[in-house]
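**Q** Here is what each chain is made of, one letter per residue.
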Amino acid sequence: MATATATPRRAIECGVPDNTSFLHPVLKRNYGNWKYHDRPRPGVLHHVSHSGEEVWSVRAGTQRQMDVHTIRTLCDIADTYAEGHVRFTIRSNIEFMVGEESKVAPLVEALTKAGFPVGGTGNSVSMIAHTQGWLHCDIPGTDASGAVKALMDELYHEFIREDMPNRVHLSTSCCEINCGGQADIAIIIQHTKPPKINHDLVANVCERPAVVARCPVAAIRPALVNGKPSLEVDEKKCICCGACYPPCPPMQINDPENSKFAIWVGGKNSNARGKPTFMKMVASGIPNHPPRWPEVSEIVKKILYTYKEDARPWERLSDWVERIGWPRFFEKTGLPFTKYLIDDWRGSRASLNASAHIRF
Amino acid sequence: MDKKMHPTPMLDELESGPWPSFVTGLKRLAGENPMVVDLLGQLETSYRTRKGYWKGGTVSVFGYGGGIIPRFTELKDADGKPQFPDAAEFHTLRVMPPAGMHYSTDILRKLCDSWERHGSGLIAFHGQSGDIMFQGVRSENVQAAFDEINELGFDLGGAGPAVRTSMSCVGASRCEQSCYDEGKTHRTVINSFLDDIHRPSLPYKFKFKFSGCPNDCMNSIQRSDMAVIGTWRDNIRTDEALARKYFAAHGLNDLVNDVVNRCPTKAIRLVKATEAKAGPSVSMVKLSDEHALEIENRDCVRCMHCINVITGGLAPGADKGATILVGGKRTLKIGDLMGTVVVPFMKLATDEDREKLVDLAKRIVDFFAENALEHERIGETIERIGLVNFLEGVELEIDANMVATPRTNPYVRTDGWDEEVARINAKKSQAA
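Protein sequence lines, in the order shown, are assigned to chains A and B.
For the first sequence, the numbering used here assigns the number 1 to the initial residue and increments by one for each residue that follows.
For the second sequence, the numbering used here assigns the number 1001 to the initial residue and increments by one for each residue that follows.
Chain A with its partners taken away, still in its complex shape:
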């Protein structure tokens, strides 16, 4: 290893590593030749190749933000009970591949004993796609890992079972940029007050024209405040989106009292059945209440279990609402339909009911 010298080490610009050496041997041998799969039990996928070879993958939930000891524990389990190869899913679940069915039960047992829930396959509620929050983000309105831990504690049984009408994807995001992404149910901070500006700092910290350009509603303009060049916000125009905050931290948008949670439903990326859909806001004004955010969990569970009870097989949350209609969604979930849920952004007329289609 090179020691510190006048010339630092030049990076090897190797880019994306070749995954060949990391692939389980059965995966490598049957690359591109898989025939079908089934699920012998929740958390276990069984894939069969055209060659006749089989592989069992055991999926377990993780906390995503992992200490090296947790990762080593997972590696120990992979070396003792599986065959030394793992992969991660997009939702931070870990998968262990084994070439023999007899290895599945001991592997499941070892994972369960070590505190890793086995599940997240098929019609389960999978792990929540989430962001960094107070742990590492520079603009967070809330925490991510904590909110996810709290909610997954409550949805644990839905992770280890496959009892939902179809798969359920959740996401959380700590600001309206929504790094958690579209989901069947998404939990996102919604700011309700314009930014509070520290005029002493704006001139030194912010590139003012760039901040002005960033505002979606042209509510920001340059101004001289107390003799210093700064920015001012037309608070009547401001939609409290927080877009000005990342390029200009003195325009503080996060507000411990007034930044609330909103809940969105019906996002779907898959093309299965209908085209992919964006999620829709169905609730807001929910307090930011660490460490366990009980008010958020309550509404998420209400939506989730109404869907579970009422949807037909293979209906994702969006498919279910498409069948029953929005009025019944609000009626069944008991959520209030308020004027704030009627879109008024550009293109919003496309979200209105341009028909006489009414369900009674």
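Calculated directly from the structure, the hints in this document are not laboratory data.
Please note that a few of the clues may not be correct.
[Unchecked claim] Only part of the chain A face toward chain B is listed, based on derived beta-carbon distances under 8 Å: (1) H47; (2) G84; (3) D138; (4) G325; (5) W326.
Heads up, the beta-carbon is just placed ideally off N, CA and C, and yes, glycines get one too.
Mind docking chain B on chain A? Use the hints.
**A** What follows is chain B alone, placed relative to chain A:
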């Protein structure tokens, strides 16, 4: 190493319950690393005050301009001294994952050992763009931490106005729905943009994502500027043994309610087994001696639903490739945008095919670099200038697959109509 722990009554509440606790993990690290003791102190403060306390800055490794997310604490006492000095610098290294996020335990252990030496010991598998996030390192250790990870065969990902880290699904390595070699394509495309990843100089971020079929497990349509989604042109393939197995287990009601009725374009029909037959564009499979399915593939939009339900009994065709969509992103600034089709189908079977994809990607990124406004994503550029201008700029032919419907308003100048028809006809006769 026995730095005293700060009281963390709120975080402590996240140690109970059945889901794995990141707090328990952090506390374990805190026993060995004072940085994590102070990290817990700052995080507990955030839980109490409901405020974040990190600010960005400029930290980099030699030769690169991006890939490190710098974090400096803003939680300071009256004299401007950090309240939690051991976590005053807590930077993240974004590191690109292998395609499909496959690892051997050997490489994971080496990455852990290295990060324990240089950083906090906290790693996220993975960030929302796919990076392995090595979280928590002081400025002075960034270079050494990167050097070791780099020697292990890994490289930094994107940050800022750059091409970003990418993700591909498990795909060909373990999925029967795979329509191209997602891993190889992912690696070929991304490794053609390393300069744009490591040295941010675009108007804003640009993301690629690679999904092997229209189930789009990588969420590429709404999470990437350029989505490569596997599909096929020929007929859905069938396997009678597996189709019969499905039917025997589920029966006629499930077949009708879950498969036939859920076809979005009514391309599937239930027919008598004795009268069923396949045709040039019709897939047919017998489910029993009585019942069979016929699928009119010209009406099928490749949504994947029936294949998902009767996996193996129905399967993607053999003439596979991908649909390319451009412009997906979340709200800021103009509102949410899905990616939209710019190439209905391209083959991705050979290195030559993949080079064509790289070439297209380069034309699109170049167009983006030259024409997008600052902090504008490519979807917003297209919204601003119109799809046709974009297509002409990147030298792609228009196709009726690119629209949901033709224009619904008359606000257009059509004085070039005759020339355009003549051009299309000339092209058609040339191709014939």
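**Q** A separate judgement is required for each hint: does it hold in the structure or not?
**A** Verification of the supplied hints:
1. Interface hint at H47(A): satisfied, since its Cβ lies 6 Å from the closest Cβ of chain B, which is below the 8 Å cut-off.
2. Here the hint on G84(A) is kept, as its CB sits about 5 Å from the closest CB of chain B, short of 8 Å.
3. Residue-level restraint check for D138(A) holds (minimum Cβ-Cβ distance to chain B is 5 Å; threshold 8 Å).
4. Interface restraint check: G325(A) against chain B, minimum CB-CB distance 18 Å, threshold 8 Å, status violated.
5. Interface hint at W326(A): violated, since its Cβ lies 18 Å from the closest Cβ of chain B, which is beyond the 8 Å cut-off.
The structure fails to meet hints 4 and 5 from the earlier list, while all remaining hints are met.
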